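Starting from the given sequences, assemble the full structure and let the hints guide the process.
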Amino acid sequence: MPQKTITIALMDPPYESENLTTAFRLLDVMARRGHNINVFAYEGASALAFAKQAPHPNPVHGKNVAEENHPTTKDQITALLALAAKNGGKVDWVNCGMCVDERGVGEFVADTRRGSPADFHSFCEASDNVLVIPTK
Amino acid sequence: MAEYLLIESRDPFESNDVGYYYELARGLSEAGNQVTLLLIQNAVLASRPSAQAPQLRALVSTGIKILADDFALQERGITKLLDGIQIAPIDVVVDHLEAGHKILWH
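Going line by line, the protein sequences match chains A and B. Mapped onto the numbering used here, the consecutive letters of the first sequence carry residue numbers 1 to 136. Mapped onto the numbering used here, the consecutive letters of the second sequence carry residue numbers 1001 to 1106.
Just so you know, these hints were derived from the structure itself, not from any lab. Wrong hints could be hidden among the right ones.
Across the chosen pairs, the derived CB separations fall in these ranges [what the hints assert, rightly or not]:
hint	chain 1	residue 1	chain 2	residue 2	range
1	A	101	B	1016	34 to 40 angstroms
2	A	68	B	1080	31 to 37 angstroms
3	B	1002	A	116	29 to 35 angstroms
4	B	1032	A	103	20 to 26 angstroms
5	B	1014	A	98	29 to 35 angstroms
Pulled from the structure, derived: some chain B residues nowhere near chain A, Cβ distances all over 10 angstroms [claimed, not checked]:
hint	residue
6	1027
7	1034
8	1045
9	1050
10	1100
Since the model is a prediction, treat every value here as computed from it, not as a measurement. Backbone N, C-alpha and C define an ideal beta-carbon position, used for all residues, glycine too.
Next up, the structure:
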């Protein structure tokens, strides 16, 4: 399959909805196939790349941070970018600027950027296909 | 004729909107389009033979291809499906994206 450019819009915040589990599964497949991926992280999803996310222990189960091995979405995004690059694709991950300002999550992991809905419009115009994953 | 992938993430016991989405699939199919309905997340609960989901059952054998996400089934311990519903990996969504089909998520 020749390389495609695919845009995904996300709206759910981290650690709440199964939508994001499914979204990351889709992004993983796209990265493995070497496609170029555009992500527009809107509303709550603008916190997915927040750099100050931290894994936590689980005192109820008596586990420290390492034993709990709590996944963070910022690390999943970093891994996604590396996987895409390894397979010849690239990821343009845009965090909605107004959304991050509202939430105080304006510090992003490397190689993601601030943007606006205008970026989503540009993504749509330049993509082979688009999938919008709305909140419930 | 267009090709559609309709992704349903909710189960019909959670939201009445699911019934409308099934009807959208039927309408698109009856209008001559090629339609695939993919059940993901809680939507796979309706694929059990014991589920009271008459609207989904009514879609079987209408020409609509009905798929259920393997991961969602495994998470929920579902091993038996209604006749006419096939198990599929999430890769099928990327297949449709690559092919330029129209994709909706509910």
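Structure-based check of each hint:
no.: 1; hint: 101(A) to 1016(B): 34 to 40 angstroms; result: 36 angstroms, holds
no.: 2; hint: 68(A) to 1080(B): 31 to 37 angstroms; result: 35 angstroms, holds
no.: 3; hint: 1002(B) to 116(A): 29 to 35 angstroms; result: 31 angstroms, holds
no.: 4; hint: 1032(B) to 103(A): 20 to 26 angstroms; result: 45 angstroms, violated
no.: 5; hint: 1014(B) to 98(A): 29 to 35 angstroms; result: 31 angstroms, holds
no.: 6; hint: 1027; result: 20 angstroms, holds
no.: 7; hint: 1034; result: 16 angstroms, holds
no.: 8; hint: 1045; result: 13 angstroms, holds
no.: 9; hint: 1050; result: 22 angstroms, holds
no.: 10; hint: 1100; result: 6 angstroms, violated
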